[in-house]
Amino acid sequence: MCHLVLHDLSLGLNQFRLDKISLSIKKGEYHILLGPSGSGKSSLIKSILGFYNVESGYIWCDGREITKELPESRRIGYVPQSFALFSHMSVEENIRYGMRMTDMTNDEADKYFNRLVDVLGIRHLCSRKTDNLSGGEKQRVAIGRSLGMKPDTILLDEPFSAIDENNKRMLWYELKQIIDEFNVTVLHVTHNLEEAEILGDRLSLMINGKIIQTDDCMDFFKFPVNEAAARYLNYRNIFKGKVDSLNPKSIIIHDNFILKVA
Numbered sequence: 001m002c003h004l005v006l007h008d009l010s011l012g013l014n015q016f017r018l019d020k021i022s023l024s025i026k027k028g029e030y031h032i033l034l035g036p037s038g039s040g041k042s043s044l045i046k047s048i049l050g051f052y053n054v055e056s057g058y059i060w061c062d063g064r065e066i067t068k069e070l071p072e073s074r075r076i077g078y079v080p081q082s083f084a085l086f087s088h089m090s091v092e093e094n095i096r097y098g099m100r101m102t103d104m105t106n107d108e109a110d111k112y113f114n115r116l117v118d119v120l121g122i123r124h125l126c127s128r129k130t131d132n133l134s135g136g137e138k139q140r141v142a143i144g145r146s147l148g149m150k151p152d153t154i155l156l157d158e159p160f161s162a163i164d165e166n167n168k169r170m171l172w173y174e175l176k177q178i179i180d181e182f183n184v185t186v187l188h189v190t191h192n193l194e195e196a197e198i199l200g201d202r203l204s205l206m207i208n209g210k211i212i213q214t215d216d217c218m219d220f221f222k223f224p225v226n227e228a229a230a231r232y233l234n235y236r237n238i239f240k241g242k243v244d245s246l247n248p249k250s251i252i253i254h255d256n257f258i259l260k261v262a
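Be aware that the sequence shown starts at 1, since it is given in this note's numbering, and climbs by one per residue.
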């Protein structure tokens, strides 16, 4: 069953345009949105959140249309690239902030908070202000705050861009475990191919405001749909030409260049 559905979303932003974006993400799926800088990934995330009003198309989430809903009514968790934590609040206050949007009783909120900080491994940070935390600690707190509102869906916009390379890979695996623990659906924006391969169940590639390929992880990397996708994936064996003939063991391309088939 599809949990998050985008159908023909279009939006103009100055000289840039999102053009008829369609995407379906299953419940519990970890979906990666790849693409070069400036391809429209963050603009799409902000459209789903309601920060931008789309010109046409629709958005469904958890069985209801949310295209015209206010951002605070959509109940979608969000971790931006900058983490956007409240520096005047403690870690505990940041995480409890999202709980105000739920119907949990005080006892239920306390139990849920304790579960969050234990799973995230940040109980020892609860009394600290967020501007005194490392990049990895800030990321865990930002994820905790987004989970505090008990969303079914979380959007992550380049969540590892501020993390140093030495800690990044460890945090990829930690994030995957956390997401599995809370059984949420994820749309994760990145331009890092290794990050995408480790975390993603399915992947989409956006170039120039259009999604040009969506596949499961293995097929995505093995079978790029066109030259643009192949170049983004760093393929080096790209041949231009016209297929003249085929047989079970080779493809004869124009000018008698023979490409052997394994």
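If you are wondering where the hints come from, they were derived from the structure by calculation, not from laboratory data.
What you are looking at is a predicted structure, and each value in this text was computed from that prediction instead of being measured.
In this text, a Cβ means the ideal position worked out from N, Cα and C, and glycines have one as well.
A hint or two may mislead.
Subject to a maximum C-alpha distance of 30 Å in a straight line, what follows is the list of computed DSSO-like cross-link-like pairs (lysine-lysine) [stated by the list, open to error]:
| id | residue 1 | residue 2 |
| --- | --- | --- |
| 1 | Lys176 | Lys129 |
| 2 | Lys168 | Lys26 |
| 3 | Lys129 | Lys150 |
| 4 | Lys150 | Lys222 |
| 5 | Lys111 | Lys68 |
| 6 | Lys26 | Lys46 |
| 7 | Lys68 | Lys168 |
| 8 | Lys111 | Lys129 |
| 9 | Lys68 | Lys150 |
| 10 | Lys68 | Lys27 |
| 11 | Lys129 | Lys168 |
| 12 | Lys176 | Lys150 |
| 13 | Lys210 | Lys176 |
| 14 | Lys68 | Lys26 |
| 15 | Lys26 | Lys129 |
| 16 | Lys150 | Lys168 |
| 17 | Lys222 | Lys20 |
| 18 | Lys27 | Lys129 |
| 19 | Lys222 | Lys26 |
| 20 | Lys176 | Lys26 |
| 21 | Lys27 | Lys150 |
| 22 | Lys20 | Lys210 |
| 23 | Lys129 | Lys20 |
| 24 | Lys68 | Lys129 |
| 25 | Lys176 | Lys111 |
| 26 | Lys46 | Lys210 |
| 27 | Lys46 | Lys68 |
| 28 | Lys222 | Lys27 |
| 29 | Lys168 | Lys210 |
| 30 | Lys168 | Lys222 |
| 31 | Lys210 | Lys26 |
Simulated restraints on C-beta separations [claimed, not checked]:
| id | residue 1 | residue 2 | range |
| --- | --- | --- | --- |
| 32 | Lys222 | Lys26 | 20 to 30 Å |
| 33 | Phe182 | Cys2 | 32 to 42 Å |
| 34 | Ala109 | His88 | 32 to 42 Å |
| 35 | Ala109 | Ala230 | 29 to 39 Å |
| 36 | Arg17 | Asp107 | 20 to 30 Å |
| 37 | Ser10 | Gln177 | 32 to 42 Å |
| 38 | Glu227 | Cys126 | 43 to 53 Å |
| 39 | Lys222 | Glu165 | 24 to 34 Å |
| 40 | Asp107 | Ala230 | 47 to 57 Å |
Each hint tested on the structure:
1. Restraint check for Lys176 and Lys129: the C-alpha separation of about 26 Å stays at or below 30 Å, so the hint holds.
2. At most 30 Å may separate the alpha-carbon atoms for a hinted pair to count; Lys168 and Lys26 meet this at roughly 27 Å.
3. Between Lys129 and Lys150 the CA atoms are separated by roughly 23 Å; this keeps the pair inside 30 Å, and the hint holds.
4. Our distance criterion of 30 Å between C-alpha atoms is broken by Lys150 and Lys222, whose separation comes to about 36 Å.
5. Taken as a hint, the Lys111 and Lys68 pair is broken in the structure, with Cα atoms around 34 Å apart against an allowance of 30 Å.
6. A hinted pair counts as satisfied when its Cα atoms are at most 30 Å apart, and Lys26 with Lys46 qualifies at roughly 20 Å.
7. A C-alpha spacing of about 36 Å is found between Lys68 and Lys168, which places the hinted pair above 30 Å, so the restraint is violated.
8. Distance hint between Lys111 and Lys129 is fulfilled; the C-alpha atoms sit about 22 Å from each other, no more than 30 Å.
9. For the hint linking Lys68 to Lys150, the alpha-carbon distance of about 22 Å falls within 30 Å, and the restraint holds.
10. Only pairs whose Cα atoms come within 30 Å are accepted, and Lys68 paired with Lys27 is accepted, the gap being roughly 22 Å.
11. Our distance criterion of 30 Å between C-alpha atoms is met by Lys129 and Lys168, whose separation comes to about 23 Å.
12. Restraint check for Lys176 and Lys150: the C-alpha separation of about 17 Å stays at or below 30 Å, so the hint holds.
13. Between Lys210 and Lys176, the direct Cα distance comes to roughly 27 Å. Compliance with the 30 Å bound is thereby established for this hinted pair.
14. A hinted pair counts as satisfied when its Cα atoms are at most 30 Å apart, and Lys68 with Lys26 qualifies at roughly 22 Å.
15. At roughly 37 Å between alpha-carbon atoms, Lys26 and Lys129 are farther apart than 30 Å, so this suggested pair is violated.
16. Restraint check for Lys150 and Lys168: the C-alpha separation of about 26 Å stays at or below 30 Å, so the hint holds.
17. Under the criterion of a C-alpha separation no larger than 30 Å, the hint pairing Lys222 with Lys20 is consistent with the structure, at around 26 Å.
18. Simply put, Lys27 and Lys129 have alpha-carbon atoms about 35 Å apart, too far for the 30 Å limit, and the pair is violated.
19. A threshold of 30 Å between alpha carbons decides the hint, and for Lys222 with Lys26 the separation of about 22 Å falls inside it, so the pair holds.
20. For a cut-off of 30 Å, the pair hint linking Lys176 to Lys26 stands: about 16 Å separates their Cα positions.
21. Annotation: proposed proximity of Lys27 to Lys150 holds, straight-line Cα distance about 15 Å (limit 30 Å).
22. At most 30 Å may separate the alpha-carbon atoms for a hinted pair to count; Lys20 and Lys210 meet this at roughly 7 Å.
23. With a C-alpha separation of about 43 Å, the suggested pair Lys129 and Lys20 falls outside the 30 Å cut-off, and the hint is violated.
24. As the CA atoms of Lys68 and Lys129 are separated by approximately 36 Å, the hinted pair breaks the 30 Å bound.
25. For the suggested pair Lys176 and Lys111, the alpha carbons sit about 22 Å apart, so the restraint of at most 30 Å is met.
26. In summary, the hint linking Lys46 to Lys210 is supported, as the alpha carbons are separated by about 16 Å, within the 30 Å threshold.
27. Taken as a hint, the Lys46 and Lys68 pair is honoured in the structure, with Cα atoms around 13 Å apart against an allowance of 30 Å.
28. With a C-alpha separation of about 25 Å, the suggested pair Lys222 and Lys27 falls inside the 30 Å cut-off, and the hint holds.
29. Between Lys168 and Lys210 the CA atoms are separated by roughly 28 Å; this keeps the pair inside 30 Å, and the hint holds.
30. Simply put, Lys168 and Lys222 have alpha-carbon atoms about 25 Å apart, close enough for the 30 Å limit, and the pair holds.
31. Taken as a hint, the Lys210 and Lys26 pair is honoured in the structure, with Cα atoms around 20 Å apart against an allowance of 30 Å.
32. For Lys222 paired with Lys26, a C-beta distance near 21 Å keeps the hint of 20 to 30 Å intact.
33. A hinted range of 32 to 42 Å for the beta carbons of Phe182 and Cys2 is inconsistent with their spacing of about 20 Å.
34. Roughly 21 Å separates the CB atoms of Ala109 and His88, a value that falls outside the hinted 32 to 42 Å.
35. Taking the beta carbon of each, Ala109 and Ala230 are about 49 Å apart, not inside 29 to 39 Å as hinted.
36. Between Arg17 and Asp107 the beta carbon distance is about 49 Å. The supplied range of 20 to 30 Å is therefore violated.
37. Checked against the hint of 32 to 42 Å, the C-beta distance between Ser10 and Gln177 comes to roughly 37 Å, which is consistent with it.
38. The beta-carbon spacing between Glu227 and Cys126, approximately 51 Å, falls within the hinted interval of 43 to 53 Å.
39. Here the CB-CB span from Lys222 to Glu165 is close to 27 Å, well matched to the stated 24 to 34 Å.
40. Between Asp107 and Ala230 the beta carbon distance is about 55 Å. The supplied range of 47 to 57 Å therefore holds.
The structure shown violates the earlier hints numbered 4, 5, 7, 15, 18, 23, 24, 33, 34, 35, 36.
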